[in-house]
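Participant: Please construct the entire structure, taking both the sequences and the accompanying hints into account.
Residue numbers (the numbering used here), protein chains in the order written: chain G, 1 to 265; chain R, 1 to 281.
Treat the hints as calculated values from the structure; they're not laboratory data. All clues stand as given, with none of them false.
Coverage of chain G stretches by chain R, computed from C-beta distances (three or more under 8 Å per stretch; other residues unrestricted):
hint : segment
1    : 39–52
2    : 104–113
Listing some non-contacts, in silico: residues in chain G with all C-beta distances to chain R over 10 Å:
hint : residue
3    : Ala9
4    : Cys13
5    : Gly15
6    : Ala26
7    : Pro29
8    : Ala118
9    : Gln155
10   : Gly170
11   : Arg205
12   : Gly242
For every residue, glycine included, the Cβ atom is placed at its ideal position computed from N, Cα and C.
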Amino acid sequence: MSNTVETLALSRCFGDITAVDGVSLAVRPGEIFGLIGPNGAGKSTLIKMLTTLLPPSSGTARVAGYDVVRQPAQVRRCIGYVPQLLSADGELTGYENLLLSARLYLIPRGERKQRIGAALAMMGLSEVRDRLVRGYSGGMIRRLEIAQSTLHRPQVIFMDEPTVGLDPSGRHAVWNHVAELRRETGAALVVTTHLMDEAETLCDRIAVLHAGRIAAEGTPAELKAAVGPGATLDDAFERLTGGTIGHEGGYSDVRQTRRGTIAHS
Amino acid sequence: MTSDRPGAAPSPIPDRPPSRPIPLRVADYWTQVFAVADAEIRKLRHDPWELATRAIQPVLWLVLFGNVMARVRGLASGGIPYLDFLAPGILAQSVLFVAIFYGISAIWERDLGVLHRYMVSPAPRSALVVGKALSSSVRGLSQAIVIYVCAAVIGVKLSLDPAHFVVVVLLIVLGSGLFSTFSLIIACIVKTRERFMGIGQVLTMPIFFASNAIYPIDLMPQWLKVVSRLNPLSYEVDGLRAMMLQGGASTLGLGRDFAALTLASAIVTVIATRMYPRMTE
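Facilitator: What follows is the structure in C-alpha cells.
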C-alpha cells in the first residue's frame, strides 16, 4: 500500500536560512505520525509545504499520491489542516464556521447538515453549536477546528501544535478526541509538537526534527531503546538534539497563543 | 480561476494515474464564492453596530459639507441643486472608504490563521478573491440605504424607478468589489496592519479628490481632468448620478461607466488572485 505522505529531500530556504533541509519521510495510511523538535526546528515550515501553503525551494512531496507543487488543488481536497493559530472565526458560531468549510469543500447541500451535526457531536460541541466562537474556551476552539478539518473526510489531517496554549484538561480532551478521530475516520494524522508526553501518548511513529533535518525516526519505544534501558523520550530527545526541549516555549509560541486569545476574548 | 489547475503539468506521477484536471464547474465555483460572502453577511448580522458607526461619516458629509457648499454660487453642478449633485458622489465616496480599508481585515485574518483555512481549501483562489469582494459589496449596499434615507430627508429628488435601483445596486457591487480587491493587493504588498493604516489614507484622498464626486470635472485644471478620466471612481459617480436622481443624466455614458468599472475589476481580480495566496507564506 502506498504511503499517504512521502517527501524526498524536501527543503525550504528563507534568504540565507535553511528552515527545512533535505527532509525525506513517509507517513503510512491511518497512522499518527509525530514531528517533534524544539521551536525553530522547521516543523511548521514543513507542514506549510505539505499543505500547499508554501512552495518548497527544492525536493518533492506527495500527499495522497499528488504532488504538492504540480497538483495543489488535488492535494487540498485530500487533506485537513489544523493550523497552529486558533483559526476558527470568532465572529461566527460554531455551526457557521463548519457551514463555511462544508461549502468551500463542496460537500453536497443535502449532506451538509448531517455531516456538520456528526462532526460537532464527535468533538463534543453539539451543545454550543449556535454560540459565537469568541465565547469558546481554547480547547473548544481547537475541537471545532478539528471538526472543521474532518468534514470532507480527508485521507490525512495535519495538526500544527494542536495543544499549544491549552490548559491540561483542554489538552487531554483534545488528545482523546484525536484518538477517537483516528478510530472513526481511519485518516492518517501528522501532528507537530514540542511536548514529549503528547508525542508519547498520541503517536505511532515519531520523527525528531533538529535544525531542519531529521535526527531520528521510529516508534516511541524504538527511540527510547536507542538511548538505553529505562530511558524516557525526553532523554532520547536530549541526546538527539543536544539540548532540552525548553518546556516553557519560546517567544513565538507565547505571542501566537496570546494573539489567539486576544482575538477570541 | 485557472491558476490552481495543474492540467498542463507534463511530468508523470509514478504511483497514480496521470493527473486528471479537476473540472471547473460554474455552480461549484459560485457555491464557494457565496460561502465566503455569506460568512461575512452572518458576521454583520451578529454585530450590526459596525454598520451603524460607518454610516455616520457620509451623513456628516451630506448634512454639513453639502449644506455649506450649496451656498457657493460658482459651483456649477449642471443645472441641478448642489445637494442633488453631491448625494451620488457621497454614496460613491462611502463605498470607496469602506472598501479601501478592506485589506486590513485580510491582514488581520492572516495574523489570526483564518486565511490559512481558506487557503488549504480546494476553492479556486479567484473564488476566494471574488467572495471577499462580494463581502465588501454587502457593506457598501448597507451604506447606500443610509445615504438614500438621509438624502431624501434633506430634500434630494431621488429617482424611485425600480430599474434605476437595480442599476445602482450593480454599480455599488462593482465599485465595492473593485476598490476592496485593490485594497487586498495593497495588503499583499505592505503585509502589516501598521503600514496599511498609513498607506490607506494616502490612497483614499487622491482617488476621492481626483474624481467628480464633489465637484464637476469641468472645474478641474487640464492635468487633473486627465487623471480623473483614468480614475474608476469617476465612472462610478457618473453612473450613480444618472441612476439615483430624478432626471439624472450621465456625462460619460452609462455603457462606458460599466465597461470601465468591469475592466478595472477584472484587472485587479487577476492580480489579486496571483498575490493573495502568497500572504500565508
